[in-house]
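A.B. asks: Protein chains in written order, with our numbering: chain W, 2 to 280; chain E, 2 to 280.
No lab work stands behind these hints, which were simulated from the structure alone. A couple of the hints might just be wrong.
Just so you know, same-sequence chains aren't split out, so a pair can sit in one copy or run between any two.
[What the hints assert, rightly or not] List of simulated lysine-lysine pairs, DSS-like, C-alpha gap at most 30 Å:
| hint | residue 1 | residue 2 |
| --- | --- | --- |
| 1 | Lys41 | Lys199 |
| 2 | Lys280 | Lys41 |
| 3 | Lys59 | Lys277 |
| 4 | Lys222 | Lys199 |
| 5 | Lys59 | Lys23 |
Predicted model, so just to flag it, every value in this text is computed and none were measured.
Protein chains: 2
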Amino acid sequence: MTVAIIGVGLIGGSMAIALKEKSIAQRIIGIDTSKEHAEKAMQIGLVDEIKTLEEAVKESDLIVLSVPVDAVENLLPKVLDLIDQQIVMDVGSIKEPILEIIKDHPNKVRFVATHPMWGTEYSGPQAAVRGAFEGKATVICEKESSDEDALQLVEDLYSKLGMQIVFMNAREHDVHVAYVSHISHITSFALANTVLEKEKEEDAIFSLASGGFESTVRLAKSNPGMWVPIFMQNKDNVLDVLNEHISQLRKFKACLEKGNEEYLKELIENANGIRKIIK
Amino acid sequence: MTVAIIGVGLIGGSMAIALKEKSIAQRIIGIDTSKEHAEKAMQIGLVDEIKTLEEAVKESDLIVLSVPVDAVENLLPKVLDLIDQQIVMDVGSIKEPILEIIKDHPNKVRFVATHPMWGTEYSGPQAAVRGAFEGKATVICEKESSDEDALQLVEDLYSKLGMQIVFMNAREHDVHVAYVSHISHITSFALANTVLEKEKEEDAIFSLASGGFESTVRLAKSNPGMWVPIFMQNKDNVLDVLNEHISQLRKFKACLEKGNEEYLKELIENANGIRKIIK
Numbered sequence: 002m003t004v005a006i007i008g009v010g011l012i013g014g015s016m017a018i019a020l021k022e023k024s025i026a027q028r029i030i031g032i033d034t035s036k037e038h039a040e041k042a043m044q045i046g047l048v049d050e051i052k053t054l055e056e057a058v059k060e061s062d063l064i065v066l067s068v069p070v071d072a073v074e075n076l077l078p079k080v081l082d083l084i085d086q087q088i089v090m091d092v093g094s095i096k097e098p099i100l101e102i103i104k105d106h107p108n109k110v111r112f113v114a115t116h117p118m119w120g121t122e123y124s125g126p127q128a129a130v131r132g133a134f135e136g137k138a139t140v141i142c143e144k145e146s147s148d149e150d151a152l153q154l155v156e157d158l159y160s161k162l163g164m165q166i167v168f169m170n171a172r173e174h175d176v177h178v179a180y181v182s183h184i185s186h187i188t189s190f191a192l193a194n195t196v197l198e199k200e201k202e203e204d205a206i207f208s209l210a211s212g213g214f215e216s217t218v219r220l221a222k223s224n225p226g227m228w229v230p231i232f233m234q235n236k237d238n239v240l241d242v243l244n245e246h247i248s249q250l251r252k253f254k255a256c257l258e259k260g261n262e263e264y265l266k267e268l269i270e271n272a273n274g275i276r277k278i279i280k
Numbered sequence: 002m003t004v005a006i007i008g009v010g011l012i013g014g015s016m017a018i019a020l021k022e023k024s025i026a027q028r029i030i031g032i033d034t035s036k037e038h039a040e041k042a043m044q045i046g047l048v049d050e051i052k053t054l055e056e057a058v059k060e061s062d063l064i065v066l067s068v069p070v071d072a073v074e075n076l077l078p079k080v081l082d083l084i085d086q087q088i089v090m091d092v093g094s095i096k097e098p099i100l101e102i103i104k105d106h107p108n109k110v111r112f113v114a115t116h117p118m119w120g121t122e123y124s125g126p127q128a129a130v131r132g133a134f135e136g137k138a139t140v141i142c143e144k145e146s147s148d149e150d151a152l153q154l155v156e157d158l159y160s161k162l163g164m165q166i167v168f169m170n171a172r173e174h175d176v177h178v179a180y181v182s183h184i185s186h187i188t189s190f191a192l193a194n195t196v197l198e199k200e201k202e203e204d205a206i207f208s209l210a211s212g213g214f215e216s217t218v219r220l221a222k223s224n225p226g227m228w229v230p231i232f233m234q235n236k237d238n239v240l241d242v243l244n245e246h247i248s249q250l251r252k253f254k255a256c257l258e259k260g261n262e263e264y265l266k267e268l269i270e271n272a273n274g275i276r277k278i279i280k
């Protein structure tokens, strides 16, 4: 089939590679508002051609929206206006606001809301990688709102990419990603700012940075163009988690202030429970 | 030479492997208060024999203290009491309190205070790894307080392990590690507790956990026996950094509460500055 990928960056580009490699798409059309990204995507062979949105939608069987979540809000109704029987899917990190926007659109049944749980701290077409989605989880939201053939095609696609499909409603999804993705990014950004603040005073500090520091601060390299809209659209859930996180940090603070070794040990032992969950 | 390693866990065990591999030690004597750890260390070949502290110190040229920092406080004066011309080094994460304790000891010139900047979230002899220290930084503190031959031997040892030596005074060291190591562990422990709190309510949450989450929460698997004493001994510095970190998190919170996208973007762009520092 022919697939149009709107936004040929990290996710769209990696999706393009996978769709070709698994012979899911025979032809991939790229669309990108950044001329530079579009040219780069052609140059490194992510897409077969670059077209306008209108042309691309017309010539495709499946349209994949892989743009920042604020752009999805504008773009999705526009794409649904343009389609006939084509299938549309997104890969964005937030689901409730997007589904709300199209809830009265006559073509909304052609849309499948998805979120493959993969990413890196890099962005742009040159950040696209081979084998990106293999073995990871992907969420399909509100599947009962989509036409059966649309849902089937998207399920087949993700299965062929080697992903484990999890079904959820949009509300659940948005709460869960606040916990397992968004808060990690906020703590990482804040940690980078904490340390960079100090670095102004002390030049030598980073010669000591070891692997532990690097892994907790790695996500702080992530792109604001992607993350500002995610945090804003998932504001309430992210605030809930952030408040909980600050209150957890305050427990550590209280232990240190009071010299309470027993409780500190308890907090760490509790945190060790994460071993059950991540290998 | 013969090296005594007191505490044959993650660091001591990895050191034992490296000392043998680089032909720095011909014979390694292990000492461990845990009979289980001592037996395991023999069984997997980390050490050549297990002896009592007194025997081991007597028969060794170099004594390496690789026990939790609260144990170093008790053990170091005891070892210095036992030595004649032997050289003693530690590998602990905190330096000021330890140097304070031995400041009037007649044998303190035989001691070299060091901190190789390497570790993992695992512990015990079975956590020891080959090639652990290669390419990493190591700190030597207050080098002017050690005898020249002692300092020379320790410098040679770290050079042969492939480590880059950084000299610092103890006070500087303790401040820096609060920023580049201790705070990462606290945020990771607190993040684990935040998410585990939620998990009580929602079982499905972790099916979605992806690489970003895993890297920020990995350190939360670290051992309280090691970290409680580190945090307690470096309390003032860790509290400084923790307060700064909480205030950085509050900036993110304020942005979300007020819907201030511009400032949120600014905070993230500032955090992106970490790219200059970690690759």
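A.B. asks: If a hint holds in the structure, say so; if it doesn't, say that too.
C.D. replies: Against the structure, the hints come out as follows:
{"no.": "1", "hint": "Lys41 / Lys199", "in the structure": "neither (38 Å within a copy, 42 Å between copies)"}
{"no.": "2", "hint": "Lys280 / Lys41", "in the structure": "between (37 Å within a copy, 23 Å between copies)"}
{"no.": "3", "hint": "Lys59 / Lys277", "in the structure": "neither (48 Å within a copy, 44 Å between copies)"}
{"no.": "4", "hint": "Lys222 / Lys199", "in the structure": "both (18 Å within a copy, 27 Å between copies)"}
{"no.": "5", "hint": "Lys59 / Lys23", "in the structure": "within (24 Å within a copy, 66 Å between copies)"}
Hints 1, 3, counting from the list given before, are not met by this structure.
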